[in-house]
Structures are given as structure tokens and as C-alpha cells.
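*Asks:* Sequence:
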Amino acid sequence: MELDENIILQIKSKLTSLSKSEKKLGEYILSHAVETVNDNTSELAKKAGVSPATVVRFCRSIGLSGFSQLKIRLYADASGGLDREIYTDITPNEDIAMIADKLALRFNQSITQTANLLETSCIEKITAMVDKSPAIYVYGIGASHVAAEDFTHKFSRIGKPVVHTLDHHLLGSSLINASKDCMFVAISNSGETNEAIKLTQIAKQNGLFTVGITQKRDSTLASIVDAPLIHHGGEAVLLRSAATTSLAAQLFTIDVLYFAYVAKHYHEIMGRLKNSKINIQTFFRKENN
1 MELDENIILQ IKSKLTSLSK SEKKLGEYIL SHAVETVNDN TSELAKKAGV
51 SPATVVRFCR SIGLSGFSQL KIRLYADASG GLDREIYTDI TPNEDIAMIA
101 DKLALRFNQS ITQTANLLET SCIEKITAMV DKSPAIYVYG IGASHVAAED
151 FTHKFSRIGK PVVHTLDHHL LGSSLINASK DCMFVAISNS GETNEAIKLT
201 QIAKQNGLFT VGITQKRDST LASIVDAPLI HHGGEAVLLR SAATTSLAAQ
251 LFTIDVLYFA YVAKHYHEIM GRLKNSKINI QTFFRKENN
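Heads up, the sequence shown is in full-length UniProt numbering, so the first residue is 1 and it goes up one at a time.
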């Protein structure tokens, strides 16, 4: 069952990918969300200065079945009192409570959309390969480096050898000499990061199973990997709150992958985690004495 997304943010995140007439309609709806609930297709089209066919196409372009579903979703959001300020980016001297509310709204939207985008069959395929891989190679740069580190920490703790470095030359050399049973995971929000793409190509040439974690289904990275994991990206805004929510979506994606693997080996992994915790605590306690 898909989770309900915030329709206002859903429209805002799709605006740049819409046709000129659909974008015009989307901008009108964002400015007249409450009034739109009471319009029929022809009335909305006339007010927005587009054709009725554009209304139908717009609904499909943002992932809805039709205008009726759009009105229901708009009504659900507006019924609680539509505060347009909360949908804007951070402003000068912004109230701290409002900053928290704005970010919470975007984080919730990002996680919800990512949960709806993740494909179960793809997750299962990757977890099966984690079992077979003697080592996992991971790469991410910039904000994606944080996600790559999180991946490394999680899977290393449960006994999977993970190779992770920002030095793409060193990682490239490691991939060339890696066993063909190994896995390579590239993390790139845009899916167009040159280093991530080149390393993926090296991994593929050497027979490794490749995974791409990205927000762009039509990106270069998603098109060349064996298993693309698509997450929500967020709307483009000046202060890069989209970059923040994209990172949250990446971390959520890695969490889903990690816990899906843990669920398949629950008792074995819980035993490992318990033993490692006891041994580490004992070791460092002795060191401090």
C-alpha cells in the first residue's frame, strides 16, 4: 500500500519536468489550492488559461489517476488549514519553530515518496547478492559520501567486508583486482557524477554486480547498473534544503536495504551484534583501567 504524499510538495517537486502548459497549470494550483477544490475540469482550465486536456495530462504527469484524485488530495491538505508559508524556503530571520516545521514537512515528504518509489524486487535482488559477495565496494562524493559512510558502517558491523574510500583512483585499482563475485555500490543523487559513473563502468567491465542509488531514474548511473535504487530528490530551492532531504532519502534507502538483509538472517546477525558489543566493551574497559 502506498503512503499518502503531501500534494503541494509533490506538485512543486515535479514543476521543472512538466511541459510549459502543465507548469503554468501547476503554478496556478499552487497559488489557488483551496479554490481548485471547488472547480471542475473546465472551470480550472479556464482560470489557469490552459485547455481541459492539459488538466488531465497534468494529473497523470504528477502521478495521479485523474482530476478527482487531485481534488481529494488538495482537500485533505487544505482541510487542516493551508499555511502557504510552510511550503516556502527558509527566509531571513526565520522563526526557529517555522524552520523546524518546514524541514519536517520536507523530510516526511521525501521519506514517503522514497518508500513509494523503492522496488521490492530490486531490494531482494541486492540482498541476495550481498550474501554471495565476498566484499562490497562503495563510492559516493559530496553529500553522497555521507551515505556511503553510513552504508559502510552498517554492513561492516554485521560482518560484511566493505571497501570505501574517496580516492577514486585507488578504488578503481581495487575494482580491477576484485573478485567477480563482489558488488559495487555507487551513490549519486543526480546519477551523473563522473567519478561514480567511471567506477561503475570499471566494475561492470570486471564482472562485478553493480548497484546505483540515485534520485534520477533516467540518469546515466541508473541506466548502466544491474540494480538501480531510486529515491525521492526534492524540489530545487536556493538554500539547498533539497540536498538535505535527498541525503535523508539516501540514508532511508540504505536503511531499508540493510534491515531487509538483517531480516533474512535475523538470529545470526543479532548474535553477532551482541557478541561484538560485549567484546568491544570488554576490550576498551580493560584499556581504560
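By construction, these hints were calculated from the structure, which means they are not laboratory data.
Glycine included, each C-beta is placed from N, C-alpha and C at the ideal position.
One or more hints might be untrue.
Stated by the list, open to error - Have a look at the derived ranges for each label pair, beta carbon to beta carbon: (1) A143 / K264: 45 to 51 Å; (2) A76 / N206: 46 to 52 Å; (3) A260 / P134: 17 to 23 Å; (4) K264 / S190: 18 to 24 Å; (5) E268 / N116: 55 to 61 Å; (6) I141 / S68: 27 to 33 Å; (7) L103 / N40: 33 to 39 Å; (8) I99 / N177: 25 to 31 Å; (9) G159 / E124: 50 to 56 Å; (10) E268 / S51: 36 to 42 Å; (11) D181 / S68: 20 to 26 Å.
To be verified - Below, in silico cross-link-like pairs of lysine-lysine (DSSO-like), each with a Cα-Cα straight-line distance of 30 Å or less: (12) K198 / K277; (13) K180 / K102; (14) K23 / K46; (15) K160 / K102; (16) K216 / K198; (17) K180 / K204; (18) K274 / K154; (19) K216 / K204.
*Asks:* Hints first: check each against the structure and report whether it holds.
*Replies:* The hints, checked one at a time:
1. A143 / K264: 45 to 51 Å: At roughly 29 Å between Cβ atoms, K264 and A143 fall outside 45 to 51 Å, so the hint is violated.
2. A76 / N206: 46 to 52 Å: 50 Å, holds
3. A260 / P134: 17 to 23 Å: 20 Å, holds
4. K264 / S190: 18 to 24 Å: 31 Å, violated
5. E268 / N116: 55 to 61 Å: 31 Å, violated
6. I141 / S68: 27 to 33 Å: For I141 and S68 the Cβ distance comes to about 44 Å; the hint is violated.
7. L103 / N40: 33 to 39 Å: 36 Å, holds
8. I99 / N177: 25 to 31 Å: Hint violated: Cβ distance 48 Å, outside 25 to 31 Å.
9. G159 / E124: 50 to 56 Å: The hinted range 50 to 56 Å is violated for G159 and E124, with Cβ atoms some 20 Å apart.
10. E268 / S51: 36 to 42 Å: Given range 36 to 42 Å: violated, Cβ gap about 60 Å.
11. D181 / S68: 20 to 26 Å: 51 Å, violated
12. K198 / K277: Not satisfied, since the Cα-Cα distance of roughly 38 Å exceeds 30 Å.
13. K180 / K102: Roughly 46 Å separates the two Cα atoms, so the pair is violated.
14. K23 / K46: 15 Å, holds
15. K160 / K102: Violated: K160 and K102 sit about 38 Å apart, past 30 Å.
16. K216 / K198: OK: K216 and K198 at ~17 Å, within 30 Å.
17. K180 / K204: Satisfied, since the Cα-Cα distance of roughly 9 Å is no more than 30 Å.
18. K274 / K154: The hint holds at about 14 Å.
19. K216 / K204: 20 Å, holds
Hint compliance for this structure: hints 1, 4, 5, 6, 8, 9, 10, 11, 12, 13, 15 are broken, all remaining hints hold.
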